[in-house]
Amino acid sequence: LRTAVGRVAEGDVAARGRLEGMLSGALGKIMALAEAYPDLKASDSFRDLQGQLAAVEDELQMARRYYNGAARNLNIMVQSFPSNLVAQIFGFRLLDFFQIDDGDRTVPEVAFRGPA
1 LRTAVGRVAE GDVAARGRLE GMLSGALGKI MALAEAYPDL KASDSFRDLQ GQLAAVEDEL
61 QMARRYYNGA ARNLNIMVQS FPSNLVAQIF GFRLLDFFQI DDGDRTVPEV AFRGPA
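With my numbering, letter number 19 in the sequence shown gets 19, and the count goes up by one each step, no holes.
For the record, the hints were derived by calculation from the structure and aren't laboratory data. Bear in mind that the values here come from a model prediction, so they are computed numbers and not experimental data. Beta carbons: idealized from backbone N, C-alpha and C, even for Gly. One or more hints might be untrue.
Unchecked claim - Simulated restraints, written as ranges between beta carbons of each label pair:
hint, residue 1, residue 2, range
1, Q79, A36, 28 to 36 Å
2, A26, Q99, 18 to 26 Å
3, I76, G25, 30 to 38 Å
4, L60, L33, 39 to 47 Å
5, F97, A42, 38 to 46 Å
6, A71, G51, 29 to 37 Å
7, A36, Y67, 32 to 40 Å
8, D58, A36, 39 to 47 Å
9, A15, D44, 32 to 40 Å
10, L85, G51, 47 to 55 Å
11, S43, A14, 32 to 40 Å
12, A32, I89, 50 to 58 Å
Work out the full structure: start from the sequences and follow the hints.
Below is the structure:
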């Protein structure tokens, strides 16, 4: 995933959204697997990791909101008179909003099996 993020074009918001959704899904699976291993779940290191991952998710969500607000403001200016005249002269264009598909927001299903 990390190399895929590096290959995404700078302005391709939709592709970045898909990759972030995949990353969130992978992190969810890691957390779900930890439920099956009580020793891992009780580990201080793993609890620290969980806290850090939650903080990163919160920061990503704030960054998405900030980007979408800035994109909304720019889109209004690009479409409103008289700023639309300046936007045409300098080649400003409408920006896409950063969206995550509903499928990327769902919590992964985990089937727990007893000891074999």
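Now for the hints, and whether the structure bears them out:
1. Q79 - A36: 28 to 36 Å: The hinted range 28 to 36 Å is violated for Q79 and A36, with Cβ atoms some 52 Å apart.
2. A26 - Q99: 18 to 26 Å: holds, 19 Å
3. I76 - G25: 30 to 38 Å: holds, 33 Å
4. L60 - L33: 39 to 47 Å: violated, 22 Å
5. F97 - A42: 38 to 46 Å: holds, 41 Å
6. A71 - G51: 29 to 37 Å: holds, 31 Å
7. A36 - Y67: 32 to 40 Å: Given about 36 Å between the Cβ atoms, the range holds.
8. D58 - A36: 39 to 47 Å: Given about 26 Å between the Cβ atoms, the range is violated.
9. A15 - D44: 32 to 40 Å: holds, 37 Å
10. L85 - G51: 47 to 55 Å: Between L85 and G51, where Cβ atoms are some 50 Å apart, the hint holds.
11. S43 - A14: 32 to 40 Å: Given range 32 to 40 Å: holds, Cβ gap about 37 Å.
12. A32 - I89: 50 to 58 Å: holds, 53 Å
Hint compliance for this structure: hints 1, 4, 8 are broken, all remaining hints hold.
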